[in-house]
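Using the supplied hints, reconstruct the complex from the two chains, each of which is provided in its own coordinate frame.
Keeping their order, the protein sequence lines are chains A and B.
Just so we're aligned: 12 in this note's numbering is position 12 of the first sequence, and the numbers increase by one with no gaps anywhere.
Just so we're aligned: 151 in this note's numbering is position 151 of the second sequence, and the numbers increase by one with no gaps anywhere.
Keep in mind that the hints are not guaranteed to be accurate.
[Unchecked claim] Facing chain A, according to a computed beta carbon distance under 8 Å, are these residues of chain B, among others:
1. Ser61
2. Ala88
3. Ala92
4. Val121
5. Ile125
6. Ser126
7. Cys128
8. Ile130
9. Gly150
10. Pro154
11. Thr161
12. Gln164
13. Ser169
[Said to hold, decoys possible] Computed beta-carbon distance windows for the label pairs:
14. B:Gly77 x A:Glu127: 49 to 55 Å
15. A:Met179 x B:Tyr90: 39 to 45 Å
16. A:Phe73 x B:Val102: 43 to 49 Å
17. A:Asp181 x B:Glu137: 21 to 27 Å
18. B:Gly108 x A:Asp181: 34 to 40 Å
19. B:Thr39 x A:Glu182: 55 to 61 Å
20. B:Ser42 x A:Lys184: 32 to 38 Å
21. B:Gly91 x A:Glu200: 25 to 31 Å
22. A:Val43 x B:Ser64: 30 to 36 Å
23. B:Ser152 x A:Asp171: 51 to 57 Å
24. B:Gly108 x A:Glu180: 38 to 44 Å
25. B:Val75 x A:Glu190: 41 to 47 Å
26. A:Ala108 x B:Gly91: 17 to 23 Å
Since the hints were made in silico from the structure, they are not lab data.
Given the structure is predicted, the values throughout are model-derived calculations rather than measurements.
Here a beta-carbon is modelled for each residue, glycine too, at the ideal position from N, C-alpha and C.
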Amino acid sequence: MSGRRWSQLDRFMTGGRTTPASYLLPKFHTSRTLSKVNFLVFVLGEQIYWASMGTRARQLSDEERKNLIETAFDAKKGSYSPYSKFPVGAALLAIDGTYITGANIENASYGGTICAERTAIVKAVSEGRRSFLGLAVVTDVPSPISPCGLCRQVLREFLPLDAPILLVPGDYPQSEPSMEDEKKPGKVTEGGVRETTLEELLPDSFGPEELELPKV
Amino acid sequence: MSCKAAGADDVTHVIFFVGPCCPLSELSPPKKMGTQATTLSSEDKKKLIQGAFEAKQAAYSIYSKFPVGACLLAVDGTLIKGASIDNASYGANICAEQTAIVKAVSDGVRPFTGLAVVGPVSSPISPCGICRQVLREFCSADMPIILVAGNSDPSGVRETTLGQLLPDSFGLDQLGVSSS
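Chain B with its partners taken away, still in its complex shape (with noise of 0.2 Å):
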């Protein structure tokens, strides 16, 4: 799998603003969950589940032999893919949504306006409470999360939300209140 984003073959460079210009508000973590309502078009939902489709052939589950792909899309439309890679020592694990997760952060690309996971199974598969604290970090409440069902099958697919998988999150408000 390329690490480079889907769609953005053609970027050669990278611009990063430094000094008292920096916008900061773009490089801090979202300060409040779910302040602004996000929604998805139905192209950016098709090539969501087409990135997460194409990402799970590029999992290593050899241990889990439970293949997941994720792929996440950026507000400037970076289509960012993520698969779950095994570990014999099974501690290292690590899921295709963090994968995508860190893949976008690391190379400076967030936030994100969608997220769609798509698991070995004729149903949809929720991620995993590591994943959602994971997302939680640098994605809002109301961000849509499309859980695909693994045959394809367009009526496996359920549309989410961060807020309603891990309400009343442990986050950087809480860890900021001034201790008693």
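Chain A with its partners taken away, still in its complex shape (with noise of 0.2 Å):
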């Protein structure tokens, strides 16, 4: 099943618990019975759970878009990056319709530091919401700013590999924005953001179907 993720999985009806169901993802994961399977429907105790495996991710609307830049810039406010001198905000969709915001926060010991990306995510998960339809980040620089490999790492657990991923310059909106570079995955949007997916960014991810790979 490697390179097939359910990329929605959510509570079809709220029962009034607050359960998400996304805990059950590892079993579907490696099902081979459900390996063409595309859509469940599924009853644990008193709730209704559905879950889908589309092709592809939903694309942003302009609105969703927009929203979510905004909310990564708002975001990169609460940066506390004194040692970098490096802030970064970003901001993720959830498809319940919420936005999550995420600074980075440094630390004394460089190795407690978190970035934005990352913040957002335990942010989100922590509090229930496992499912994404995009990410934006920002930083200060006039250019789009790539997701360092822990953040891919971390984000590969939740996001779809073909969720949308902006990477907004610090310049936002552009007027005239860099010429597209072909060595760079993705593709350069309205305002200089540059569009891009995990897929791209994480190719031949490490992730949870690798780990359950029967052992020689």
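In structure tokens:
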């Protein structure tokens, strides 16, 4: 099932409790009998859950894109970056329509630093939101800046591989975006935003499926 | 597993250059990724793969049950082995690739010309994003990375590069750009 992921998994109807459905995800990852199934509805306790494995993640509407970018700029204001002097803001859009902000939080013991993207993810997941439609990242640098490898790995656990990732230049919107760089993944879109995906940023990724492969 | 790099058992001293004659270019991280093409001889590849299998034997993976071994080849010919080391506090886990890198760098050994990684499964396993980021600090984008299946099947060897695994990476160059 490598390459296939349940891109959306959430409660179809809520029965009052807030247990997210996606903790069941690993079981579906490894089930060979489910490898040709694209839609599931199942009942657990008093709740009905649904899961779908679409071929493509849904694209963002113009409004969602605009909100995501604005939220990332807002998030950057919360940055604590006295050491790197490199403030970063991130915004996630959850499938329930919630925008979750994240900023980079540094530490005197540099290893304790957490990036903006991971701040947003852990805020969201720890509050029960595990399904996302997109991510935006912005820095003070007047060009799109890519997430680091740690963030790509953490995002890979929760963000669909084909969900849009918007790398926003610090001087957005750029009236004259720089020329397309063919060496870089994704494409330059409105305002100089580089739009890419996790599939492109972390090809051949190591994820839950790999852990479940039969051992030699 | 020995802390000493394989093949370096007879090395009894290490020379450090200090003062104005210090070869800074060797001590500072690579400025640009992908400026020089690197290739591995078939003998080096064989050594790297064998080193990765040996390294895996020292893996401490009681929680993940996913032992991984890695082997780095330094420009001076030193082989540095690393294994995955799990921890009860899962966040303190360190992957095999990172073990190898920190062993080498903390011993003053760098830069590197190749890496081999072997996992416990019958297909080649790719480094995680964290390892890719750590490797990116010390390895060039075109450094060969050999991913080896755990069952020693010669057909289960795949060769890639850091540039392919971590395109448009975040590194020194990005941090150095002046703020708007």
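> Against the structure shown, which of the earlier numbered hints fail to hold, in ascending order?
Replying inline: Hints 1, 2, 3, 10, 11, 16 and 19 are the ones this structure does not satisfy, whereas the remaining hints hold.
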